[in-house]
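Join these two chains into a complex; the hints should help.
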Amino acid sequence: MIETLIQDSNPSFLDYKGRFKGLMGWIFSTDHKRIGLLYLYSMLVFFSVAAILGLMMKLELMAPGKTIMGAQTYNSFFTLHGITMIFLIVVPGLPAVFGNFFLPIMIGAKDVAFPRLNLLSWWIYIVGAFIALSAQFFGDGPPDTGWTFYAPYSFRTGTNMLPAVTGAFVLGFSSIVTGINFIVTMHRMRAPGMNWMKMPLFPWALYGTSWIQVLATPIVGVTLLMVVLERTLQIGFFDPALGGDPILYQHLFWIYSHPAVYIMILPAMGIISEIIPTFARKTIFGYTAIVVSTLAIAFVGYFVWGHHMFTSGMSGVALYTFSILTFLVAIPSAIKIFNWVATLHKASINLQTPFIWALCFLFVFMIGGLSGMVLGALSANVHLHDTAFVVAHFHYIVFGGTGFAFFGALHYWYPKMFGRMYDMAWANIGLAIFFTGFNTLYLPMFFLGMTGMPRRYYDYVEKFHGPNIISSLGAMLMIAGLIIIITNLVRSTRHGVKAEKDPWKGKTLEWTVDSPPSLENFEEIPVVTDHPYKYD
Amino acid sequence: MFSNEMADASNFVKGVDTSFMVIFGIISFFLIGITATMIYFVFRYRKSRHPQAVQIHGNNTLEIIWTLIPTVLVMVMFYYGWMGYKPMKEVPDDAFTIKSVGRMWNWQFQYENGKITDTLYVPKDRAVKLDLVALDVLHSLYIPAFRLKQDMVPGKEQFMWFIAGREGDYDLFCTEYCGLSHSSMTTSVVVMAEDKFDKWYIDTTVVAPLISDKPGALGLLIVKKNGCLACHSLDGSKIVGPTWKGLFGTQETVVTDGVERQLTVDSAYVLNSIYNPNDDIVKGFKKGLMLSYKNELKEEDINEIIEFMKTLK
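In order, the protein sequences belong to chains V and X. Terminal number for the first sequence in the working numbering: 1018, no gaps in between. Terminal number for the second sequence in the working numbering: 345, no gaps in between.
Looking at chain X on its own, in the form it has when it is part of the complex (with noise of 0.2 Å):
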């Protein structure tokens, strides 16, 4: 907001700042004209200067005119506040779609031909529609530089749209409160021109580069791009759920049903730990604060994000 060579990073820029600038200049005339006003009634009928009050009981003119008149300047600015608002919800047909996943506490973006990523890249000059899931509790997906913000409800269908209309890099926030990392539940927007976002867009072999012959680097991919880092670190640092360095092959306290029992963190329990996380608690971690990856974890993924566990000692 107030920055000019910003006004047009999206196509609804334009309209939420010119209905907060009118607004803006409405109420600080307001605010100034008031508040001078009361300081010079209080200097010029201070008790020394003006001994004797003058009993004045009202005045129906006067009420009549500071009734109309903020009616009148109340309904202006609703106007500019629809005006600007109506457009958000009018998405054009061939829009280009991209279901936005959000879930405690990482982003997860999927395309059409089957890419996922935890960056949200977008062509610019395109009209693009973010479909929006939560899959557990409230979110909002918020980005600032386009004036779009919109909740996203569990087993509710949700959706914004913009055209971005400047390349670059934007944040994106979750401005619903979602629990513990609510305020690390952010990455980026990046707007991509329209050749090099094809490019990039029917390039599915991208990642090839990324995987060395280092053992586990595909499972880091895995990692990141599922948000599992979310939870567990990786320097043995204890965040939500227990971390993973050190962790395959040690022996853990679990509790199962309410019992404690040793086991070993083997293959078999990670797998199980992924697929039904409630199953088997380490002691001193809570119940209930990681969803099933049934749906998006196949066991070969999880095969190698084993890879990648055994690679931190």
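So that you can see chain V by itself, here it is in the shape it has in the complex (with noise of 0.2 Å):
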């Protein structure tokens, strides 16, 4: 009786009854938790229609020539696949998602800074995404140019490019809301006594990656506006045809998309700090080394944007100081990979479904940053640029980096979120099923671009076949795995075990509140004596 007397006077969130009811009382919500969920929720309906559109060009690569496909059709999907993916998942992604969340919990807040603003941001989010896939369905077909909008076929092609670079555009706005958001929620709102090397290392990496959000997102902003006055008012800023500059463009491209590859991966790699000490039941080795690099990476990854332009002929001068900061770039990388290991040792590993896509995370995190030095030395990138290595390469670091850390975030806080646990044994089934589909899909495609297969191919001469099957059986396999984990998941948050408070025994202040928490998260602010991962 008197529990739940407790339980009512202090409904979760999911329960929370506001001012509006049902579906509105999700889509008004300022609630960080709730705003969360929207996100992902957008994102998993998003994600699987891209991860369809990746699996039906693996299809269509399977044999030489018309497969299932024409090329029209085949060049509008990797352009939607890679829009979508990006734009839409990847980069928005994780903060989104998980540093709604969680952020504001975890430095023992009731909310962000700016609860409203935090609202606004995914409705920007999702008219931007409205707008970028109405290119789909309207005007002169689906865009064709790739995800990089590169000059001037971008000006040349007949398709329906306003909206996908006008979405593209829009989204951009989200993305800084947010990110200035964190910043202050980050610099205001912290529990008392958790000074700067008290705060957890996932919102360190958010805070690292606020700062190129809100920094370098207004970069791309202007060039995609550059690129819609150009198309509808004939300004010449990057086709040679009005006398613009096309290199200007990847310029000014880079310079914005090659930051966004860190905002992408520093909250992942934050994600992993979070996960390890907890299953090593042990404090995180280096947390000094790991903030460190990350500010290191989020600062030395704006100077690096020219390595996707190696073979565009830049002078030599500016491909040696690429190059050079290229392989600079990856050594705060190597000292975060270091300082993870060194938390397994002497450690007393529970070994539970997050703690093994952590593990996965390493291997193919791994395996995508160490090819990125291939990539990084001049001389071989020229043979490599442009080819299916270089595919490979960025989806080890996307899809295996953030990817990965994304579903072992999932399934790492999803107890808190939903309050309830999912099924081990199918998770890990699944996780096995969807790393092996993931090996098999991507490490042909290196092997295929080492024998000189480009990318962004329809059709290929038949030496490269081979490797093509195996590469899209493994698309399948990959596929198969992914439906397992997401229906394990999805059926849980009904069919699951009700989850206590603390089910994998963490330290940090999530693990302190409700699951699911309570709309304000705490009853009483909590007061911060110690750091984040106090296991002794």
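Because the hints were derived from the structure by calculation, they are not lab data. Do not rely on the hints blindly, as some may be mistaken.
A short list of chain V residues far from chain X (calculated; beta carbon distances all over 10 Å) [claimed, not checked]:
| id | residue |
| --- | --- |
| 1 | LYS592 |
| 2 | ARG598 |
| 3 | PHE845 |
| 4 | GLY919 |
| 5 | ILE1007 |
Within a straight-line C-alpha distance of at most 35 Å, the following computed DSBU-like cross-link-like pairs (lysine-lysine) qualify [unchecked claim]:
| id | chain 1 | residue 1 | chain 2 | residue 2 |
| --- | --- | --- | --- | --- |
| 6 | V | LYS540 | X | LYS318 |
| 7 | X | LYS257 | V | LYS548 |
| 8 | V | LYS945 | X | LYS256 |
| 9 | V | LYS548 | X | LYS231 |
| 10 | V | LYS945 | X | LYS231 |
| 11 | X | LYS257 | V | LYS945 |
| 12 | V | LYS548 | X | LYS121 |
| 13 | X | LYS147 | V | LYS945 |
| 14 | V | LYS680 | X | LYS79 |
| 15 | X | LYS188 | V | LYS945 |
| 16 | X | LYS256 | V | LYS540 |
| 17 | V | LYS945 | X | LYS46 |
| 18 | V | LYS1016 | X | LYS79 |
| 19 | X | LYS270 | V | LYS945 |
| 20 | X | LYS256 | V | LYS548 |
| 21 | X | LYS315 | V | LYS540 |
| 22 | X | LYS315 | V | LYS548 |
| 23 | X | LYS79 | V | LYS989 |
| 24 | V | LYS945 | X | LYS156 |
| 25 | V | LYS548 | X | LYS79 |
| 26 | X | LYS228 | V | LYS548 |
| 27 | V | LYS548 | X | LYS131 |
| 28 | V | LYS540 | X | LYS277 |
| 29 | X | LYS228 | V | LYS945 |
| 30 | V | LYS945 | X | LYS131 |
| 31 | V | LYS945 | X | LYS118 |
| 32 | V | LYS945 | X | LYS342 |
| 33 | V | LYS548 | X | LYS118 |
| 34 | X | LYS318 | V | LYS945 |
| 35 | V | LYS540 | X | LYS345 |
| 36 | X | LYS270 | V | LYS540 |
Chain V stretches covered by chain X per the calculated footprint, using a threshold of three residues with CB under 8 Å from any CB of chain X [claimed, not checked]:
| id | region |
| --- | --- |
| 37 | 758–770 |
| 38 | 806–820 |
| 39 | 855–869 |
| 40 | 926–939 |
A virtual CB, placed ideally from N, CA and C, is assigned to each residue, including glycine.
Right, here's the structure in full:
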């Protein structure tokens, strides 16, 4: 009786009745947890569509010549796959879902600094997404430029470019607004006693990420606006036919889009830094080194965009400089890897699903990062640039890094977010199939690139056939794994066993609140006296 | 990459492959080493075997070591990368120059004596310089066997050079996405012994035996050389532009300045469609995909093409 009374007076954020009911209670809620879930659900929909597009592309490539679709369809598929995955999922993904949900709780706050702005950023995201996706259904056919919108092809193509570019432009604001919100939240709302060096590592990663979002996104905004102006008013910025410079476009595009890679990967690293100590039952090794390397990546990441343009005809000095800086930006990532592995030394490892995700992350992220070393070297780059090798490399980083961390985080924080547990056995089976499929899909693409198969190729010569078959089979296996994983998670929101407050025995603040948390997270704002990973 | 017998395909293969192998060796060592350590720790320090974790907050000496060693190693990788790359931009003065033109979606190679081909013929053991010209959008000329690639930017002068070291046929791809038929924008490089190449080069009548008395034979040759068939089929299938099968002499609905009208496909229409492709767009096709061939085709050439079209019933 007493227990029910307490629950009623303090309902979870899922059950809370606010000003609006039902769906309205979600899409107009300023609660950071509900907004996090809104992002999660929207992204799940977009991700499923984009993953199916990817699968269809792999099926098309299973044999040379036309297999299941024509060249124009294939070209618009890889464009839509790229735009959706990059702009709608990977760039906003981790901060928008897990940052929104857990940043306030992990620093002991009741919400972010500007809850209404937070809701606005979700709305901007949805509006941007609809504008970008409307390009598929109206006008002169879906865009076929690739997600990079390279000039001058993006001015030459007869397809429906403007909505896609405008959508990406609008999405940028969502990113900027979230970034500002997080920075202010971390500066102003940390719990008493939590000084900067007592802040957990996921918030630290979000801090670095937010600064990149705020500082780099306006550049791509301006660039995309220039494309719109050039297409509508014929102002010659980038199109040589109008007196513009296509290389200028590439510079501006990558000045944002390279730091964007760190927007994708820094929060992923932050999540791994949370999962490892919890399941190692041990404080993180080298907390300070991980914080410093996070900030170093955020900073040096601004100066390496030129490595996307090694074959576009830059001067020797530019090539030299960008190559050195590219190699240097790898060091902080290496430091993180060493510290994570060192954390396992003399640990007491509780081998649960989220931890297996973290281990798999380490493996695929290393392949992604280390293959980047090959691409950073100028001479090897000339051979491998714009081949399947690059596609394999960035899928290992973006999907292997950010994607694995996303699923790792989902399995780690699931009991906290939904108040229930998922089925462990199915989660592990799904992961095993997914992991095998992932590597079978992308490893052969390294080989294809080394033997010279260019990327964005609808058709290929016979000698590339073998590895393409393996890769396509891997794609099917991977999708099968994904279906198991997602089904298990979705099903468990209703049928899972009720989760306790702290199922993994974690030490950060989110494990001190209810599962799922109440509307205001904390009855009383906690006072922090120790570092975040205190297991002794 | 990896195949030794091709190490002399061009003078850059060795530099590129060496840098690749050095880096591949270093990264394999790290990947295997770290993965093995990780698995060992998970096994050795699992809860059932090691119930109480030892709390270690860090170690500054270790941090310094694993910052410095990778820094040195990446500088080694950078060095090999740079050394393999540098000669690619140092072209000898006496290089044999071929103007290489890329357009949506075919290649054309123009030799200094006026010879024009759609396949790149080069002599063995002589420095060859390709002056790269893109007519419409970005392209990138890539010869995997030579380990060479250079983007081609409209309005910008770019070049690449090489010394081919082994006779044979090699693939040549476009590697910068350029629209619908990007993946068909391929041709081959034929490396010939120097004496054979010289004979081929001087012999400007080499096209003669190909031209039979069959009507339209010369037209077909011109069509192939200019890559028309990348967009116009001969068998009735719809690609980018209208098929030529049975086209000549028929009625077509075209859009001129936004207004639909009927016309007969005659010589004047074909000529104007090649010189001013966007004047009259056949209904159901897109504007802006074809560039004018005013600089490539003389009126005599177009007459030959028309003769060829007449044969396509």
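Violated hints, by number in ascending order, as checked against the structure: 3, 9, 12, 25, 26, 32, 33 and 35
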